[in-house]
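S.K.: Residue numbers (numbering that gives the first Met the number 0), protein chains in the order written: chain F, 0 to 235; chain D, 0 to 292; chain E, 0 to 255.
It should be emphasised that the hints constitute simulated quantities derived from the structure, not laboratory data.
Note that the Cβ used here is the ideal one computed from N, Cα and C, for glycine as well.
Please note: incorrect hints may appear among the correct ones.
Restricting the straight-line Cα-Cα distance to at most 25 angstroms, the calculated cross-link-like pairs of lysine to any residue (SDA-like) are [as the list claims (entries may be wrong)]:
id: 1; chain 1: D; residue 1: LYS103; chain 2: F; residue 2: ARG91
id: 2; chain 1: D; residue 1: LYS131; chain 2: D; residue 2: ALA154
id: 3; chain 1: D; residue 1: LYS133; chain 2: E; residue 2: ARG252
id: 4; chain 1: D; residue 1: LYS103; chain 2: F; residue 2: ASP79
id: 5; chain 1: D; residue 1: LYS103; chain 2: F; residue 2: ALA222
id: 6; chain 1: E; residue 1: LYS11; chain 2: D; residue 2: GLY12
id: 7; chain 1: D; residue 1: LYS133; chain 2: F; residue 2: LEU11
id: 8; chain 1: D; residue 1: LYS133; chain 2: F; residue 2: ARG18
id: 9; chain 1: D; residue 1: LYS13; chain 2: F; residue 2: PRO10
id: 10; chain 1: D; residue 1: LYS131; chain 2: F; residue 2: LEU11
id: 11; chain 1: D; residue 1: LYS103; chain 2: F; residue 2: PRO10
id: 12; chain 1: D; residue 1: LYS103; chain 2: F; residue 2: SER17
id: 13; chain 1: E; residue 1: LYS11; chain 2: E; residue 2: ALA105
id: 14; chain 1: D; residue 1: LYS131; chain 2: F; residue 2: SER17
id: 15; chain 1: D; residue 1: LYS133; chain 2: D; residue 2: GLN168
id: 16; chain 1: D; residue 1: LYS103; chain 2: F; residue 2: GLU199
id: 17; chain 1: D; residue 1: LYS103; chain 2: D; residue 2: SER54
id: 18; chain 1: E; residue 1: LYS11; chain 2: D; residue 2: VAL14
id: 19; chain 1: D; residue 1: LYS133; chain 2: D; residue 2: VAL93
id: 20; chain 1: D; residue 1: LYS131; chain 2: F; residue 2: HIS85
id: 21; chain 1: D; residue 1: LYS103; chain 2: F; residue 2: VAL90
id: 22; chain 1: D; residue 1: LYS103; chain 2: F; residue 2: HIS85
id: 23; chain 1: D; residue 1: LYS13; chain 2: E; residue 2: LEU243
id: 24; chain 1: E; residue 1: LYS11; chain 2: F; residue 2: ARG155
id: 25; chain 1: D; residue 1: LYS131; chain 2: F; residue 2: ALA23
id: 26; chain 1: D; residue 1: LYS103; chain 2: F; residue 2: LEU11
id: 27; chain 1: D; residue 1: LYS133; chain 2: E; residue 2: ARG247
id: 28; chain 1: D; residue 1: LYS133; chain 2: F; residue 2: GLY21
id: 29; chain 1: E; residue 1: LYS11; chain 2: D; residue 2: GLY36
id: 30; chain 1: E; residue 1: LYS11; chain 2: E; residue 2: ASP73
id: 31; chain 1: D; residue 1: LYS103; chain 2: F; residue 2: VAL220
id: 32; chain 1: D; residue 1: LYS13; chain 2: E; residue 2: ILE16
id: 33; chain 1: D; residue 1: LYS131; chain 2: F; residue 2: PRO10
id: 34; chain 1: D; residue 1: LYS133; chain 2: F; residue 2: VAL22
id: 35; chain 1: D; residue 1: LYS103; chain 2: F; residue 2: ALA101
id: 36; chain 1: E; residue 1: LYS11; chain 2: D; residue 2: PHE11
From the derived model, a few chain D residues whose C-beta atoms are all more than 12 angstroms from chain F [what the hints assert, rightly or not]:
id: 37; residue: GLY48
id: 38; residue: ASP166
id: 39; residue: GLU169
id: 40; residue: LEU180
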Amino acid sequence: MRAVLTDVSSPLLWRYESRRVGVAAQAAPAAALAVTLLLTAFTANAGGSRADIERLLLTGLEAVVPLAVAVATVTVITRDRCRELHLALPVRYVTTLGRRLATLVGAAAATAVIYSAALVATGWWSGPAAPASPLVWVPPLLALGGLAMILTVVGRSVVLASSGVAATWLAQQLYAASLASHAGSRPFFLFLTSRYGTGEGWLLNRFALTVTGLCLLAVAVTALSRPGAAPGEEEQ
Amino acid sequence: MDITIRNLRRRFGKVEALRGVDLELSGGMFGLLGANGAGKTTLMRIIAGVLSPTSGQVLIGGHDMSTRQGRVAVQRRLGYLPQDLGLYPDLTAVEFLDYIGLLKGLDDRTARRRQIAELLEVVGLSDVANRKLKGFSGGMRRRVGIAQALLGDPALLVVDEPTAGLDPQERIRFRTLLATLPGRRTVLLSTHVVEDVAQTCRETAVMVDGRIVFTGAVSDLVRGAEGVTWEVVTSGPPPTVGEIVSAVSDAGGTRYRVVSVTPPDPAAIPVPPSLEDGYVAFMQGAAAGRSSA
Amino acid sequence: MIRYEFLMQIRKRSLWISMGLLAVITVLGQGDAGPRYLPDDASARVVASSWAFLWSLLLPIVAGMVLADRLVRDDRLGVSRLLESLPTTATTRVMGRFLGALAATATPIFLATVIAGGAESISREDPAVLLWTPIAFGLVLLPGLVFVGAFAMVVPLLLTAPLFRVLFVGYWFWGNMLGPSYMPSLAGTLLTPVGDYTASWLLGERALYAGADGWLQLLRPEPNGVTAALSVALLLGVGLIPLLVGSRVLARRATA
Ligand SMILES: Nc1ncnc2c1ncn2[C@@H]1O[C@H](COP(=O)(O)OP(=O)(O)O)[C@@H](O)[C@H]1O
Ligand SMILES: [Mg+2]
Chain F
0 MRAVLTDVSS PLLWRYESRR VGVAAQAAPA AALAVTLLLT AFTANAGGSR ADIERLLLTG
60 LEAVVPLAVA VATVTVITRD RCRELHLALP VRYVTTLGRR LATLVGAAAA TAVIYSAALV
120 ATGWWSGPAA PASPLVWVPP LLALGGLAMI LTVVGRSVVL ASSGVAATWL AQQLYAASLA
180 SHAGSRPFFL FLTSRYGTGE GWLLNRFALT VTGLCLLAVA VTALSRPGAA PGEEEQ
Chain D
0 MDITIRNLRR RFGKVEALRG VDLELSGGMF GLLGANGAGK TTLMRIIAGV LSPTSGQVLI
60 GGHDMSTRQG RVAVQRRLGY LPQDLGLYPD LTAVEFLDYI GLLKGLDDRT ARRRQIAELL
120 EVVGLSDVAN RKLKGFSGGM RRRVGIAQAL LGDPALLVVD EPTAGLDPQE RIRFRTLLAT
180 LPGRRTVLLS THVVEDVAQT CRETAVMVDG RIVFTGAVSD LVRGAEGVTW EVVTSGPPPT
240 VGEIVSAVSD AGGTRYRVVS VTPPDPAAIP VPPSLEDGYV AFMQGAAAGR SSA
Chain E
0 MIRYEFLMQI RKRSLWISMG LLAVITVLGQ GDAGPRYLPD DASARVVASS WAFLWSLLLP
60 IVAGMVLADR LVRDDRLGVS RLLESLPTTA TTRVMGRFLG ALAATATPIF LATVIAGGAE
120 SISREDPAVL LWTPIAFGLV LLPGLVFVGA FAMVVPLLLT APLFRVLFVG YWFWGNMLGP
180 SYMPSLAGTL LTPVGDYTAS WLLGERALYA GADGWLQLLR PEPNGVTAAL SVALLLGVGL
240 IPLLVGSRVL ARRATA
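Excised from the complex, chain F in its bound form:
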């Protein structure tokens, strides 16, 4: 990770890496948010309460954006036609992947910030105070993104990694009530802000999710840095 941060060498190289990720993946969070907005408008039209609508809008930020980033991460890591070539280059492949994921996360972050600002400006924001708004989406994004990376590196399969991410996301939505009510699982509940607000244990939850995400990320990066570790798909 350090190499990614210090080696900001050439803007041209970043542009190439960004093209590897592709507009489709970078725009996935925005597109998924657009669908969420559509559903929200629908709900409003059907006479949903203001609280329901605000909650949905926040769900877009806390649940949909991280899901989009996690799923796109799986694609970015597994889909590289020139992996063999990259592994023979003096640049660590994990650095190259780091640059690519950075462009993905950058696009998602820009989307999230613009979206939050728009909600605040229009008065539909129901999250924490505006300066703390990144705490709504950064921790779940790190946790879900880290999970996606680990599953991809260990499982070497798009199907396995995306099913794992999807199941985690769905299970957390389905069992939200029981996850949020137990002291042991509450810190690891991904959607605390949109489901239960910023009340008791919220900061601890955000902290625990961030740490979990960073740990998963660190393990994934270590595993990727092993010589001969090619995060490809086992089967074509």
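Given chain F, work out where chains D and E with the ligands should sit, using these hints.
M.R.: The following block gives chains D and E with the ligands in isolation, referenced to the frame of chain F:
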């Protein structure tokens, strides 16, 4: 760059792809011959630092490939053309080379662009330099592959089955291109096509089932077939003794080229061997040696 | 073609690991309402169908993820170019790959229901549970698998695979499990792929939201035998639409 390999082994699950390879080579063009599945690609990947061995030692230019520093030191001076080279179809030839050049650390933009233009000229792709790679034919892709390998003027060039899947004309053009490459560098070429080595290399090694069974001059391999290479012209059934290297039919019957210790036919005449005959004779000898062992 | 596709998919380790992983999550996550906690005197029909319904909450996700890669990957690897040279129509090819991959992904799910059914019939000493298992599988799980599988195979051609996967997960939640009283959703309608209607009919009580009042009231009749059959027919029928569109799209791309 000198390469020294000692007792190299690599296992994939139950398959043992390399079973103790020893190899020494220095400058010039070196051909690695072997049937499909012999373990050539596995060896090339280990030399390129893409795959780590199960056991054994690889020293390249004095650098130990089992350390990160050693690998990076070698990879800085390496050009590698993988067997299954994928390209990014959305990039043009120039963009692709520019991208790889950046990753190889060619930071000076003007110098990099100049080198790319030169290399495209060398591989004969200047006309299509700004076309997207997705429209390129197999031969053109392979030439882009060689161009990217040559970026940064590597001291060691590793090319894995560069002529597979090319049509005859492209194959010949590609071979000619390869033959011009060595200069001061070491070029390691793997192939299952004997003719590729015959046309380009002076030194060769033959791999069978994860082992190197012959190393030496191409001429020595050819000499092994002297006195055991025959030609028979017959309109009857093909000869049953020895191994048929080729068969050409014409009005007078079929002309068989046979490698056999004893004459395959009373009418057979001995002929001077080619590398292909040498390879077949050598494999016959190896098979006989194995079955008697 | 079907056979080839089936064999290719069924051999993938990742398919079995993913299914296993999700099955474990499912079994561990089942609340007090889960089939493990059914009363001892529950009928075989209820036991078998509540297991089938439980499996249908998460396992079809894997089927969606597997199928989402099929056509896109063929396109990418140039296999489709190869297949186009074969004397088959685009529809046959799409259907062949669809049925093959679907059968392959349905196999581990079927195995899960059989294992659960077998275990229940032993612990309850009631062999009838095992008899009801394939029926419950065919009614509760299979129609939904066909439905989402068909969309999963074709929609990525238009949306790209990653975006489809994101929307698929969101849809699965919204279209199956999000109560229609909270926001307009497809949950509890005849078009709910988790098999809400068939499960409700087999269980004799509402499985999740089947028939609950909400958006598109027309699609929310009382769950009973007839509406359960209607739900199956609708899921299969609507599932045909993306397949037909998909083969049309591929045929056009081939000539373009
Ligand atoms: N990544 C791999 N996983 C499993 N088996 C492999 C892998 N790479 C090579 N093998 C096996 O190792 C043997 C040698 O393969 P390879 O090095 O590709 O031979 P060659 O290049 O001479 O055709 C073959 O039996 C092949 O199946
Ligand atoms: Mg090979």
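S.K.: The structure should be examined with respect to each hint, and the outcome stated for every one.
M.R.: Status of each hint after checking the structure:
no.: 1; hint: LYS103(D) <-> ARG91(F); verdict: holds (11 angstroms)
no.: 2; hint: LYS131(D) <-> ALA154(D); verdict: violated (29 angstroms)
no.: 3; hint: LYS133(D) <-> ARG252(E); verdict: holds (16 angstroms)
no.: 4; hint: LYS103(D) <-> ASP79(F); verdict: holds (18 angstroms)
no.: 5; hint: LYS103(D) <-> ALA222(F); verdict: holds (23 angstroms)
no.: 6; hint: LYS11(E) <-> GLY12(D); verdict: holds (16 angstroms)
no.: 7; hint: LYS133(D) <-> LEU11(F); verdict: holds (22 angstroms)
no.: 8; hint: LYS133(D) <-> ARG18(F); verdict: holds (15 angstroms)
no.: 9; hint: LYS13(D) <-> PRO10(F); verdict: violated (46 angstroms)
no.: 10; hint: LYS131(D) <-> LEU11(F); verdict: holds (18 angstroms)
no.: 11; hint: LYS103(D) <-> PRO10(F); verdict: holds (15 angstroms)
no.: 12; hint: LYS103(D) <-> SER17(F); verdict: holds (18 angstroms)
no.: 13; hint: LYS11(E) <-> ALA105(E); verdict: holds (14 angstroms)
no.: 14; hint: LYS131(D) <-> SER17(F); verdict: holds (17 angstroms)
no.: 15; hint: LYS133(D) <-> GLN168(D); verdict: holds (22 angstroms)
no.: 16; hint: LYS103(D) <-> GLU199(F); verdict: violated (52 angstroms)
no.: 17; hint: LYS103(D) <-> SER54(D); verdict: violated (29 angstroms)
no.: 18; hint: LYS11(E) <-> VAL14(D); verdict: holds (19 angstroms)
no.: 19; hint: LYS133(D) <-> VAL93(D); verdict: holds (13 angstroms)
no.: 20; hint: LYS131(D) <-> HIS85(F); verdict: holds (20 angstroms)
no.: 21; hint: LYS103(D) <-> VAL90(F); verdict: holds (7 angstroms)
no.: 22; hint: LYS103(D) <-> HIS85(F); verdict: holds (10 angstroms)
no.: 23; hint: LYS13(D) <-> LEU243(E); verdict: violated (44 angstroms)
no.: 24; hint: LYS11(E) <-> ARG155(F); verdict: holds (12 angstroms)
no.: 25; hint: LYS131(D) <-> ALA23(F); verdict: holds (19 angstroms)
no.: 26; hint: LYS103(D) <-> LEU11(F); verdict: holds (14 angstroms)
no.: 27; hint: LYS133(D) <-> ARG247(E); verdict: holds (24 angstroms)
no.: 28; hint: LYS133(D) <-> GLY21(F); verdict: holds (16 angstroms)
no.: 29; hint: LYS11(E) <-> GLY36(D); verdict: holds (23 angstroms)
no.: 30; hint: LYS11(E) <-> ASP73(E); verdict: holds (17 angstroms)
no.: 31; hint: LYS103(D) <-> VAL220(F); verdict: holds (22 angstroms)
no.: 32; hint: LYS13(D) <-> ILE16(E); verdict: holds (21 angstroms)
no.: 33; hint: LYS131(D) <-> PRO10(F); verdict: holds (22 angstroms)
no.: 34; hint: LYS133(D) <-> VAL22(F); verdict: holds (18 angstroms)
no.: 35; hint: LYS103(D) <-> ALA101(F); verdict: holds (21 angstroms)
no.: 36; hint: LYS11(E) <-> PHE11(D); verdict: holds (17 angstroms)
no.: 37; hint: GLY48; verdict: violated (6 angstroms)
no.: 38; hint: ASP166; verdict: holds (23 angstroms)
no.: 39; hint: GLU169; verdict: holds (21 angstroms)
no.: 40; hint: LEU180; verdict: holds (17 angstroms)
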